[in-house]
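Novice: Sequence:
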Amino acid sequence: MRKALILTVALVAASLVLSFSGAALAEGDLDRDIYLSAGYGVFIPAGDFYKPISGNDWENGADVNFSIVSQQSDIFAVGLDLHYYDTEVNFPAGIITVHVTGLEPMQMLQRKDADFQPYGGIGAGFYFNTLQGVSGPGIVNDIYKGVGPLIKGGARYFLGDKFFIGGHLKMFSNESDMDDGSTFDFGGTSMNLEVGVAF
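Number 40 in our numbering belongs to position 40 of the sequence shown; there are no gaps in the numbering.
A portion of the hints provided could be inaccurate.
Stated by the list, open to error - 20 Å max Cα-Cα, derived SDA-like pairs, lysine to any residue:
#1 Lys112 x Ile75
#2 Lys145 x Phe126
#3 Lys145 x Gly181
Claimed, not checked - The calculated label-pair distances, taken between Cβ atoms and stated as ranges, are:
#4 Tyr40 x Ile139: 28 to 34 Å
#5 Asn56 x Ala155: 32 to 38 Å
#6 Glu59 x Lys145: 22 to 28 Å
#7 Leu109 x Leu159: 21 to 27 Å
#8 Asp74 x Val134: 51 to 57 Å
#9 Glu59 x Pro137: 36 to 42 Å
#10 Val195 x Phe128: 23 to 29 Å
#11 Asp113 x Gly153: 15 to 21 Å
#12 Met178 x Ile151: 23 to 29 Å
#13 Asp113 x Glu88: 38 to 44 Å
#14 Ser182 x Ile34: 40 to 46 Å
#15 Ala46 x Pro137: 27 to 33 Å
Source of the hints: derived by calculation from the structure; they are not laboratory data. Yeah, the Cβ is synthetic: ideal placement off N, Cα and C, and Gly gets one too.
Turn these sequences into a full structure, and let the hints steer you where they fit.
Specialist: Rendered as C-alpha coordinates:
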(Lines of atoms letter the chains of each structure in order from A; the text may use other names.)
(Lines give C-alpha, C1' and ligand atoms only; values in the text may rest on other atoms or scores of the structure.)
Protein backbone atom coordinates (compact mmCIF):
# COMPACT_ATOMS: atom_id res chain seq x y z
CA MET A 1 0.00 0.00 0.00
CA ARG A 2 2.98 2.32 0.59
CA LYS A 3 3.86 2.45 -3.13
CA ALA A 4 0.24 3.21 -4.01
CA LEU A 5 0.14 5.97 -1.38
CA ILE A 6 3.36 7.56 -2.68
CA LEU A 7 2.08 7.47 -6.26
CA THR A 8 -1.26 8.87 -5.14
CA VAL A 9 0.38 11.80 -3.31
CA ALA A 10 2.55 12.49 -6.37
CA LEU A 11 -0.52 12.55 -8.63
CA VAL A 12 -2.39 14.88 -6.27
CA ALA A 13 0.62 17.22 -6.12
CA ALA A 14 0.90 17.24 -9.92
CA SER A 15 -2.83 17.93 -10.16
CA LEU A 16 -2.52 20.95 -7.85
CA VAL A 17 0.33 22.36 -9.94
CA LEU A 18 -1.69 21.93 -13.14
CA SER A 19 -4.74 23.44 -11.48
CA PHE A 20 -2.89 26.60 -10.44
CA SER A 21 -1.37 26.82 -13.92
CA GLY A 22 -4.83 26.52 -15.44
CA ALA A 23 -6.21 29.20 -13.14
CA ALA A 24 -3.42 31.53 -14.22
CA LEU A 25 -4.24 30.92 -17.88
CA ALA A 26 -7.89 31.73 -17.16
CA GLU A 27 -7.26 35.29 -15.87
CA GLY A 28 -9.67 37.66 -17.51
CA ASP A 29 -12.10 34.87 -18.43
CA LEU A 30 -15.38 35.50 -16.61
CA ASP A 31 -16.91 32.09 -17.37
CA ARG A 32 -16.50 29.26 -14.89
CA ASP A 33 -18.29 26.21 -16.20
CA ILE A 34 -19.54 23.57 -13.78
CA TYR A 35 -20.56 20.09 -14.96
CA LEU A 36 -22.74 17.80 -12.84
CA SER A 37 -23.43 14.25 -13.98
CA ALA A 38 -24.69 10.87 -12.83
CA GLY A 39 -23.62 7.62 -14.45
CA TYR A 40 -24.42 3.93 -14.28
CA GLY A 41 -22.56 1.01 -15.76
CA VAL A 42 -20.46 -2.05 -15.10
CA PHE A 43 -17.44 -2.77 -12.90
CA ILE A 44 -14.94 -5.35 -14.16
CA PRO A 45 -12.76 -6.69 -11.32
CA ALA A 46 -9.05 -6.76 -12.14
CA GLY A 47 -7.14 -6.33 -8.86
CA ASP A 48 -5.15 -9.19 -7.36
CA PHE A 49 -7.75 -9.64 -4.60
CA TYR A 50 -10.17 -11.10 -7.13
CA LYS A 51 -8.59 -14.51 -7.53
CA PRO A 52 -10.96 -17.40 -8.35
CA ILE A 53 -12.31 -19.26 -5.31
CA SER A 54 -12.77 -23.01 -5.78
CA GLY A 55 -12.60 -22.43 -9.53
CA ASN A 56 -15.32 -19.77 -9.47
CA ASP A 57 -14.61 -16.31 -10.89
CA TRP A 58 -15.72 -12.98 -9.48
CA GLU A 59 -18.68 -11.54 -11.36
CA ASN A 60 -18.84 -8.18 -13.10
CA GLY A 61 -20.76 -5.83 -10.84
CA ALA A 62 -22.77 -2.63 -10.82
CA ASP A 63 -20.99 0.72 -11.00
CA VAL A 64 -22.48 4.10 -10.03
CA ASN A 65 -20.67 7.41 -10.46
CA PHE A 66 -21.58 11.00 -9.49
CA SER A 67 -19.26 13.66 -10.86
CA ILE A 68 -18.64 17.38 -10.49
CA VAL A 69 -16.16 19.12 -12.79
CA SER A 70 -15.02 22.75 -12.70
CA GLN A 71 -13.46 24.27 -15.83
CA GLN A 72 -10.31 26.21 -14.85
CA SER A 73 -9.16 27.45 -18.27
CA ASP A 74 -9.68 26.74 -21.96
CA ILE A 75 -8.22 23.23 -21.55
CA PHE A 76 -7.74 22.50 -17.83
CA ALA A 77 -10.42 21.34 -15.38
CA VAL A 78 -10.58 19.75 -11.94
CA GLY A 79 -13.05 17.06 -11.01
CA LEU A 80 -14.33 15.00 -8.10
CA ASP A 81 -16.12 11.66 -8.46
CA LEU A 82 -18.20 9.89 -5.85
CA HIS A 83 -17.79 6.28 -6.96
CA TYR A 84 -19.59 3.10 -5.86
CA TYR A 85 -19.13 -0.41 -7.22
CA ASP A 86 -19.64 -4.01 -6.16
CA THR A 87 -18.82 -7.56 -7.16
CA GLU A 88 -19.33 -11.05 -5.76
CA VAL A 89 -18.20 -14.63 -6.07
CA ASN A 90 -20.30 -17.75 -5.42
CA PHE A 91 -18.52 -20.96 -4.44
CA PRO A 92 -19.55 -24.26 -2.82
CA ALA A 93 -18.76 -23.10 0.72
CA GLY A 94 -20.50 -19.75 0.51
CA ILE A 95 -20.61 -16.31 -1.11
CA ILE A 96 -18.44 -13.22 -0.71
CA THR A 97 -19.53 -9.74 -1.81
CA VAL A 98 -17.34 -6.63 -2.07
CA HIS A 99 -18.96 -3.18 -1.81
CA VAL A 100 -16.73 -0.16 -2.42
CA THR A 101 -17.39 3.56 -1.93
CA GLY A 102 -14.76 6.16 -2.73
CA LEU A 103 -13.87 9.76 -3.51
CA GLU A 104 -11.70 10.41 -6.57
CA PRO A 105 -10.21 13.90 -7.11
CA MET A 106 -8.56 14.39 -10.49
CA GLN A 107 -6.97 16.86 -12.89
CA MET A 108 -8.58 16.86 -16.32
CA LEU A 109 -7.99 18.04 -19.86
CA GLN A 110 -11.10 19.10 -21.81
CA ARG A 111 -11.81 21.84 -24.33
CA LYS A 112 -14.13 24.50 -23.00
CA ASP A 113 -17.57 25.09 -24.58
CA ALA A 114 -17.29 22.30 -27.17
CA ASP A 115 -20.60 20.66 -28.16
CA PHE A 116 -18.75 17.34 -28.47
CA GLN A 117 -16.30 17.28 -25.59
CA PRO A 118 -13.77 14.47 -25.20
CA TYR A 119 -11.88 14.55 -21.90
CA GLY A 120 -9.19 12.73 -19.99
CA GLY A 121 -7.96 12.86 -16.44
CA ILE A 122 -5.55 11.46 -13.87
CA GLY A 123 -6.04 11.43 -10.15
CA ALA A 124 -6.30 9.39 -7.00
CA GLY A 125 -8.95 7.37 -5.24
CA PHE A 126 -9.64 7.03 -1.51
CA TYR A 127 -11.89 4.06 -0.78
CA PHE A 128 -13.80 2.11 1.86
CA ASN A 129 -13.91 -1.58 0.92
CA THR A 130 -16.59 -3.66 2.65
CA LEU A 131 -16.38 -7.46 2.52
CA GLN A 132 -19.56 -9.35 3.43
CA GLY A 133 -20.78 -12.89 3.12
CA VAL A 134 -20.53 -16.46 4.32
CA SER A 135 -17.41 -18.59 3.97
CA GLY A 136 -17.82 -22.08 5.36
CA PRO A 137 -19.04 -21.88 8.96
CA GLY A 138 -17.93 -18.25 9.34
CA ILE A 139 -19.54 -14.90 8.55
CA VAL A 140 -17.46 -12.22 6.83
CA ASN A 141 -18.09 -8.54 7.61
CA ASP A 142 -14.94 -6.43 7.36
CA ILE A 143 -14.08 -2.90 6.21
CA TYR A 144 -10.69 -1.87 4.82
CA LYS A 145 -9.44 1.52 3.67
CA GLY A 146 -7.86 1.67 0.21
CA VAL A 147 -5.97 4.15 -1.93
CA GLY A 148 -4.63 4.20 -5.47
CA PRO A 149 -4.07 6.10 -8.72
CA LEU A 150 -6.61 6.29 -11.52
CA ILE A 151 -6.96 7.30 -15.14
CA LYS A 152 -10.26 8.32 -16.73
CA GLY A 153 -11.33 9.06 -20.28
CA GLY A 154 -14.67 9.85 -21.84
CA ALA A 155 -16.77 12.26 -23.84
CA ARG A 156 -19.86 14.46 -23.48
CA TYR A 157 -22.33 15.42 -26.20
CA PHE A 158 -24.48 18.47 -25.54
CA LEU A 159 -28.15 18.29 -26.51
CA GLY A 160 -28.49 22.04 -26.05
CA ASP A 161 -26.77 24.75 -24.05
CA LYS A 162 -26.90 22.90 -20.73
CA PHE A 163 -27.86 19.24 -20.90
CA PHE A 164 -25.54 16.50 -22.09
CA ILE A 165 -25.19 12.75 -22.41
CA GLY A 166 -21.92 10.89 -22.37
CA GLY A 167 -19.87 8.01 -21.17
CA HIS A 168 -16.51 7.22 -19.64
CA LEU A 169 -14.03 4.47 -18.93
CA LYS A 170 -12.02 4.48 -15.71
CA MET A 171 -9.07 2.26 -14.75
CA PHE A 172 -7.95 2.39 -11.15
CA SER A 173 -6.04 0.74 -8.34
CA ASN A 174 -7.43 0.35 -4.81
CA GLU A 175 -4.79 -1.11 -2.51
CA SER A 176 -5.76 -2.09 1.04
CA ASP A 177 -3.71 -3.43 3.93
CA MET A 178 -5.39 -6.52 5.39
CA ASP A 179 -5.45 -7.64 9.02
CA ASP A 180 -2.73 -10.25 8.41
CA GLY A 181 -0.32 -7.64 7.01
CA SER A 182 -0.82 -8.54 3.35
CA THR A 183 -1.83 -5.96 0.73
CA PHE A 184 -4.44 -6.54 -1.96
CA ASP A 185 -5.74 -4.47 -4.85
CA PHE A 186 -9.55 -4.13 -5.01
CA GLY A 187 -9.44 -2.07 -8.21
CA GLY A 188 -10.42 -2.73 -11.78
CA THR A 189 -12.12 -1.05 -14.72
CA SER A 190 -15.48 0.71 -14.80
CA MET A 191 -17.54 1.75 -17.83
CA ASN A 192 -20.46 4.17 -17.41
CA LEU A 193 -23.11 5.93 -19.46
CA GLU A 194 -24.06 9.27 -17.95
CA VAL A 195 -26.41 12.23 -18.15
CA GLY A 196 -25.71 15.68 -16.81
CA VAL A 197 -26.08 19.43 -16.83
CA ALA A 198 -23.59 22.29 -17.17
CA PHE A 199 -23.94 25.83 -15.85
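Novice: Give a verdict on every hint.
Specialist: These are the hints, each one checked on the structure:
no. : hint                        : result
1   : Lys112 x Ile75              : 6 Å, holds
2   : Lys145 x Phe126             : 8 Å, holds
3   : Lys145 x Gly181             : 13 Å, holds
4   : Tyr40 x Ile139: 28 to 34 Å  : 30 Å, holds
5   : Asn56 x Ala155: 32 to 38 Å  : 36 Å, holds
6   : Glu59 x Lys145: 22 to 28 Å  : 24 Å, holds
7   : Leu109 x Leu159: 21 to 27 Å : 23 Å, holds
8   : Asp74 x Val134: 51 to 57 Å  : 54 Å, holds
9   : Glu59 x Pro137: 36 to 42 Å  : 24 Å, violated
10  : Val195 x Phe128: 23 to 29 Å : 26 Å, holds
11  : Asp113 x Gly153: 15 to 21 Å : 20 Å, holds
12  : Met178 x Ile151: 23 to 29 Å : 25 Å, holds
13  : Asp113 x Glu88: 38 to 44 Å  : 43 Å, holds
14  : Ser182 x Ile34: 40 to 46 Å  : 42 Å, holds
15  : Ala46 x Pro137: 27 to 33 Å  : 30 Å, holds
Comparing the model with each earlier hint shows a violation of hint 9 alone; every other hint is respected.
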